[in-house]
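**Student:** Going down the list, the protein sequences come from chains V and G. Residue numbers for the first sequence, in my numbering: 1 to 148. Residue numbers for the second sequence, in my numbering: 1 to 118.
Note that these hints are calculated values from the structure, not bench results. Glycine residues also receive a C-beta, built at the ideal position from the N, C-alpha and C atoms. Treat the hints loosely; a few may be bogus.
Stated by the list, open to error - Heads up, incomplete: computed chain V residues facing chain G, CB under 10 Å, no partners named: (1) A11; (2) L16; (3) A22; (4) Y23; (5) T121; (6) Q125.
What the hints assert, rightly or not - Some residues of chain G that are not near chain V, with every Cβ distance over 12 Å (derived): (7) D28; (8) R41; (9) A53; (10) A69; (11) D75; (12) A95.
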Amino acid sequence: MTFPEALEATALAQHLRASRWAYPLVNAGHVAGLGLLVGAVVPMDLRLLHLVPGPEPAAVVAFLRPFAVAGLVMAGVFGGLLFATAATDYVQNGWFRLKMALLAAALVNAGLHVRLGAAGTRAGQAIAAVSLLLWPLVLLAGRMIGYS
Amino acid sequence: MRLFHAFVVLGLLATPALAHHGWRWTADGEFSLTGVVTESRLGNPHGVLTVEANGESWTVEVGQPWRNAQAGLSDDMLAPGAELTAEGHRSTDPAQLLMKAERIVIGGQLHDLYPDRS
Numbered sequence: 001m002t003f004p005e006a007l008e009a010t011a012l013a014q015h016l017r018a019s020r021w022a023y024p025l026v027n028a029g030h031v032a033g034l035g036l037l038v039g040a041v042v043p044m045d046l047r048l049l050h051l052v053p054g055p056e057p058a059a060v061v062a063f064l065r066p067f068a069v070a071g072l073v074m075a076g077v078f079g080g081l082l083f084a085t086a087a088t089d090y091v092q093n094g095w096f097r098l099k100m101a102l103l104a105a106a107l108v109n110a111g112l113h114v115r116l117g118a119a120g121t122r123a124g125q126a127i128a129a130v131s132l133l134l135w136p137l138v139l140l141a142g143r144m145i146g147y148s
Numbered sequence: 001m002r003l004f005h006a007f008v009v010l011g012l013l014a015t016p017a018l019a020h021h022g023w024r025w026t027a028d029g030e031f032s033l034t035g036v037v038t039e040s041r042l043g044n045p046h047g048v049l050t051v052e053a054n055g056e057s058w059t060v061e062v063g064q065p066w067r068n069a070q071a072g073l074s075d076d077m078l079a080p081g082a083e084l085t086a087e088g089h090r091s092t093d094p095a096q097l098l099m100k101a102e103r104i105v106i107g108g109q110l111h112d113l114y115p116d117r118s
């Protein structure tokens with residue numbers, strides 16, 4: 001049995017797959033998480049790039065980053081549950097694979113963001129710009145899974 | 001501000017070409033398909049059957065588990081080998097062998113997935 005098959009066979013995945021309320025609630029949790037994530041990332045990066053006026057970039061980052069992290073954790077946990085319900089389908093889905101590749105890139109960039117993002121350097125600006133591009137692309141690729 | 005425009009374009013790109021939820025992607029006319037189930041993927045967000053009919057392989061979308069259960073359809077009744085008639089609406093794209101079932105008839109027994117839909 002492959003890993004996706006084993007994941008689908010778990011009691012939790014089976015329950016979610018057949019549930020009336022749990023599945024849509026988990027789905028809503030995933031959407032809320034990515035809303036929080038992108039909703040924090042966009043103003044943070046726009047401020048870092050000086051594209052919008054506001055408080056000092058470092059202060060904006062200090063305030064918004066915890067929300068972005070919370071959103072990422074929520075989206076990841078609920079997204080993992082959604083994945084488990086149909087793992088064998090998702091691993092073969094082109095949009096899902098693209099989303100995971102974009103997500104991996106966005107996470108690496110986020111690691112750099114934490115180290116350099118608020119520094120106001122040229123590198124910090126580039127990281128903010130990549131972040132501003134990648135997270136919405138992750139969201140877009142994720143949404144496209146439902147239309148493939 | 002140029003970046004804002006980029007986001008607007010991104011949003012427009014996200015507009016779905018084909019949405020499988022709801023009925024807006026389906027044709028208005030009633031459509032009926034009789035055949036044998038060859039593949040069955042049941043569960044949230046909705047079940048998907050592959051039905052062999054007239055030598056063609058059709059994709060038939062059925063309900064999520066509670067909707068199928070409400071219509072008196074068990075997973076076994078929709079399992080591969082089942083002979084059934086699916087009534088509902090096909091995709092507006094005639095190239096697609098795809099339909100969404102409103103009703104399933106098995107052995108003369110009607111199972112109405114959408115009793116509130118006329």
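**Student:** Holds or violated: the hint that Y23 (chain V) contacts chain G, with Cβ atoms closer than 10 Å.
**Tutor:** Result: holds, 4 Å to nearest chain G Cβ.
**Student:** Holds or violated: is there a CB of chain G closer than 10 Å to the CB of A22 (chain V)?
**Tutor:** Check passed: Cβ of A22 (chain V) comes within 9 Å of chain G, closer than 10 Å.
**Student:** Is the shortest C-beta separation between Q125 (chain V) and chain G less than 10 Å?
**Tutor:** violated, 13 Å
**Student:** Are all beta-carbon distances from D75 (chain G) to chain V longer than 12 Å?
**Tutor:** violated, 9 Å
**Student:** Was A69 (chain G) rightly flagged as not at the interface, with every chain V Cβ beyond 12 Å?
**Tutor:** A69 (chain G) not clear of chain V: closest Cβ-Cβ about 9 Å, inside 12 Å.
**Student:** Is the Cβ of A95 (chain G) more than 12 Å away from each Cβ in chain V?
**Tutor:** holds, 16 Å
**Student:** Regarding the hint that A11 (chain V) lies at the interface with chain G, is the smallest CB-CB distance below 10 Å?
**Tutor:** violated, 14 Å
**Student:** For the hint on T121 (chain V), does the least C-beta distance to chain G fall short of 10 Å?
**Tutor:** Because about 19 Å separates T121 (chain V) from the closest Cβ in chain G, which is outside the 10 Å limit, the hint is violated.
**Student:** For R41 (chain G), which was marked as not at the interface, is the minimum beta-carbon distance to chain V over 12 Å?
**Tutor:** violated, 7 Å
**Student:** Please confirm whether A53 (chain G) is truly not at the interface, meaning its C-beta sits more than 12 Å away from all C-beta atoms of chain V.
**Tutor:** Answer for A53 (chain G): holds, closest chain V Cβ roughly 23 Å.
**Student:** Given L16 (chain V) as an interface hint, is its Cβ closer than 10 Å to any Cβ of chain G?
**Tutor:** holds, 7 Å
**Student:** Verify this label for me: D28 (chain G) is non-interface relative to chain V, using a Cβ-Cβ cutoff of 12 Å.
**Tutor:** Holds, because the least Cβ-Cβ distance between D28 (chain G) and chain V comes to about 22 Å, which exceeds 12 Å.
The earlier numbered hints that this structure contradicts are 1, 5, 6, 8, 10, 11.
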